[in-house]
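Place chain E on chain B using the hints.
There are 2 protein chains.
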Amino acid sequence: MIAAKHSVTVNDRAYRWMDRPLIVICVDGSEPDYITQAIRAGAAPYLQEMCGKGTSLLADAVVPSFTNPNNLSIVTGVPPAVHGICGNYFYDRETGTEVMMTDPAYLRAGTILAGFSHAGAKVVVITAKDKLCRLLGHQLENGICFSAEKADQTTMAVNGVDDALALSGMVLPAVYSSQLSEFVFAAGLKLMATQRPDIMYLSTTDYVQHKDAPGTPGANAFYSMLDAYLRQLDALGATIALTADHGMNAKTDAKGDPNIIFLQDALDEWIGKNAARVILPITDPYVAHHGALGSFATAYLPAGVQAGNIVTRLAALPGVEAAYERAAGCRRFELPEDRMGDVIIVAERHSVLGTTRDRHDLSGLEVPLRSHGGTAEKTVPMLFNRRAVGIDFSRRLRNFDIFDIALNRLQ
Amino acid sequence: MIAAKHSVTVNDRAYRWMDRPLIVICVDGSEPDYITQAIRAGAAPYLQEMCGKGTSLLADAVVPSFTNPNNLSIVTGVPPAVHGICGNYFYDRETGTEVMMTDPAYLRAGTILAGFSHAGAKVVVITAKDKLCRLLGHQLENGICFSAEKADQTTMAVNGVDDALALSGMVLPAVYSSQLSEFVFAAGLKLMATQRPDIMYLSTTDYVQHKDAPGTPGANAFYSMLDAYLRQLDALGATIALTADHGMNAKTDAKGDPNIIFLQDALDEWIGKNAARVILPITDPYVAHHGALGSFATAYLPAGVQAGNIVTRLAALPGVEAAYERAAGCRRFELPEDRMGDVIIVAERHSVLGTTRDRHDLSGLEVPLRSHGGTAEKTVPMLFNRRAVGIDFSRRLRNFDIFDIALNRLQ
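Listed in order, the protein sequences are those of chains B and E.
Counting from 1, one number per residue, gives the positions in the first sequence under the numbering used here.
Counting from 412, one number per residue, gives the positions in the second sequence under the numbering used here.
If you are wondering where the hints come from, they were derived from the structure by calculation, not from laboratory data.
A hint or two may mislead.
[Claimed, not checked] One side only, chain B facing chain E, incomplete, derived with CB under 7 Å:
{"id": "1", "residue": "Ile35"}
{"id": "2", "residue": "Cys51"}
{"id": "3", "residue": "Ala213"}
{"id": "4", "residue": "Thr216"}
{"id": "5", "residue": "Gly218"}
{"id": "6", "residue": "His350"}
{"id": "7", "residue": "Gly364"}
{"id": "8", "residue": "Pro368"}
Remember, it's a predicted structure, so these values are computed and weren't measured experimentally.
Glycine included, C-beta positions come from ideal geometry on N, C-alpha and C.
Isolated chain B (complex conformation):
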């Protein structure tokens, strides 16, 4: 096993063995300005130090700029065209059902986490929501993998740790809370201090980012919390690499009312009631904070309808940034064609895409809608607490280059 410790190759990318523990953090919905504004407000002194002594970059996330496609890209180092997870669910045309993609059976590429664990590294994965856990923990050997959401239900056999709840010293947080993310850091810090794993992957939830704009009190409080944990993790001698799955934007007019393009209503009018089927891949069991409204959608058309004509009409709708036929859209965004509809639609920065007016429950929106999914949310921060060298700035950096930079490019 000595040879294996020089480097591990996963999906054709070689990663050097870590010289100290590596913590990769995906801060859900962390538009870069959240950190900039928190630093400016004095709420994130460690992040300011980290940017100064280390490396601050921007990178492109995967579009659709949603949580699962990006977390899976980060841990595999490849786009959804390769790993297959292009949303929270897809429509299975043969069975006529909408299928959740939380089962690792849908994952088409191995993860860097599993690759290192097979080579003998001790790997810890902690997520806020449980939906990501099974995908991120896939094929982990002797690792620990659990979610804050179900921290009270962990077992050594399934999660590699008994009673994860006790690790954090916190009570089990609510799914819709800032504490769900805080739990991830509290448990991670405890595990780093006690077990010193080789790789730790921490993934938060964007409950706060969906509510609070960069620099506002709720947002600064979140980054202040994050900042204190990062300082302690740094003090333990770990490499810290931080990025995000996507950014976040206000999706409202000045009054605070959401700008929604109801795609199913439009398609119903053009080609008949329910002739097409609109899929909103942001949808998952937890939609209260965004009403299942994001800026990316795909639609399946009935036989005989020309996708090109529909694309032209969709692209002309106010608030639509671009529409594509399947092949063109999948090429543009590196998505798997067999899991996308006949047309792909991206909304502009201030707009979101819905199905029909009566199908979206907006009663959970207590504050003006902020959301993501489009190209307007593709730019994310990428920070390291050590200096990076030899990065090729002539190409676009991706958030899924983070393991490459963290393991191969830090001084």
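Chain E alone, transformed into the frame defined by chain B:
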């Protein structure tokens, strides 16, 4: 003159005579979220009421999303392809000089303000900076037109008012200050209360928006100030119509360092030192708050260089959203071809365009750069303190529809 008072036609659009005083306000750099967040923070109770009793819309600004092209579109009701003002300056190829477009000689369309003044309306125009004054006041008959910046130098002969400074009860504000905008409202309120003009056009400066993100203390303080003046103007029985010339975005990484694409450096490398000439139409005499860095640029190429090849290379630069040859870019953004270069470049939301690394003085940037100019800053609020009816939502609203809605569509 009775017949004229039914409607006034300017640039092929007919505007009904106002039934009460009309105040059109262009809040420079007012990304919609500034208002949303100010309302949420309780800093803008009148704007909240205004949205409730009146109308809240979003509209597309002109790209380049800069101050002069948009203010001129708003007061003419047409895009720059018609009125000619496509930036703060353009490059005159024949003379080899860069020409400021603050002289009305460059304006190719009449203004709605001048049209109504010729029909007998009393018109008042107040701007923050002086650079807009001559253009906005062009061909005004018996009107008042002055800037806060030079309020101490007004004369009845030139500006239609002696000693405009006394109107506001304020001392002359600094050019780089929030007070420069406050002066516009203070003077406007005094004129509305004392002279009750038929049309008042108020245009602020984006000094605050370049510094402070939506919902942060400095921004909320600005909108709180604005809010108090709007309430008083409403109480005087005026129709209030509010929009913006452009939005505003953070143009930095998480650390707060600006993301700059140095176009002249790139072109120098590709086709030789100073063979091309990059024009940044944001540049004007006041650049300390943005370092002349915006998200829109045009470049003139030497004879013999294929624009198509350069466009392909420019479009591939990380941070560039799109690049166009002149004709395509002018068609896309409705710009006058004779005042644009051979290629047109738009930067992404988090990036700005510069000339050469050594030509931008960033010492005036005391806070992380926020700027505008691209399509990411094209969405702006459009608010009315009365209900609008009969608006065609199947087409994109433009900020330069504001006089049409204010005069033709309000109940």
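Hint by hint, here is what the structure shows:
1. Ile35: Nearest chain E Cβ about 4 Å off; hint holds.
2. Cys51: 4 Å, holds
3. Ala213: Interface hint status for Ala213 of chain B: holds (5 Å vs cutoff 7 Å).
4. Thr216: Result: holds, 4 Å to nearest chain E Cβ.
5. Gly218: Since chain E brings no Cβ nearer than about 10 Å to Gly218 of chain B, farther than 7 Å, the hint is violated.
6. His350: 5 Å, holds
7. Gly364: The hint is violated - Gly364 of chain B has no Cβ within 7 Å of chain E, the shortest such distance being about 17 Å.
8. Pro368: 5 Å, holds
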